[in-house]
Amino acid sequence: MTFTRQVSRQLDDEHRNSIALLDRVGNALASGDSSALDGLASSLVRQLEHEIGHHFGFEEGELFPRMMEAGDGELASLLAEEHGTIRMVAHELLPLAEQLAAGTLSDGQRPTLVRLTKELVERQVAHIQKETMALLPLLEDMLDDETDRELAFTYASGA
38 MTFTRQVSRQ
48 LDDEHRNSIA
58 LLDRVGNALA
68 SGDSSALDGL
78 ASSLVRQLEH
88 EIGHHFGFEE
98 GELFPRMMEA
108 GDGELASLLA
118 EEHGTIRMVA
128 HELLPLAEQL
138 AAGTLSDGQR
148 PTLVRLTKEL
158 VERQVAHIQK
168 ETMALLPLLE
178 DMLDDETDRE
188 LAFTYASGA
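Just add 37 to the spot in the sequence shown (first one is 1) and you have my numbering.
It is worth saying that the hints were derived from the structure and are not from the lab.
Please note that the accuracy of each hint is not assured.
Listed next, with one range per pair, are the computed distances between beta-carbon atoms [what the hints assert, rightly or not]:
id, residue 1, residue 2, range
1, Ser194, Ser71, 36 to 44 Å
2, Asp181, Thr39, 13 to 21 Å
3, Pro102, Asn54, 20 to 28 Å
4, Gly145, Pro102, 38 to 46 Å
Where is the CB? At the ideal position from N, CA and C, for every residue including glycine.
Take the sequences, apply the hints, and build the full model.
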């Protein structure tokens with residue numbers, strides 16, 4: 038689907054990049070290739086920090102309230118609930134991924150890292166698919182040109 042709103046395009050681009058990384062991580066896990074997973078650790082850390090902080094925060098602070106005002110509160114609530122679940126997984130996973138990236142993860146911690154990473158991949162891919170199919174098309178209809186411009190600037194500036 039091609040999106041015309043700036044906000045939809047920004048989020049869609051990030052979703053595509055996230056899916057690409059999560060696919061690489063999932064493939065490394067499925068193949069049992071620990072060196073491939075080790076090589077993706079820094080990218081995974083950046084993904085966790087950005088997705089959980091900036092991306093989720095923007096949606097929750099700027100988009101979900103507008104959705105509720107427009108009568109799409111059920112979807113906003115569902116997506117926010119999924120954010121909460123993903124945040125819990127990411128909270129546990131992030132320190133382990135940071136240790137993996139730094140080369141300090143112990144062998145005893147690896148099974149926990151693998152379990153949490155698998156859970157993150159599964160949950161985040163499903164969440165992104167839901168946002169791509171429901172949230173982004175909704176934004177196309179919900180946002181006017183001026184609001185879209187303002188929100189795109191807000192998102193790009195990291196505010």
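- prompt: Taking each numbered hint in turn, which are not upheld by the structure, reported in ascending numerical order?
  reply: Going through the list in order, the structure violates no hint and respects every one.
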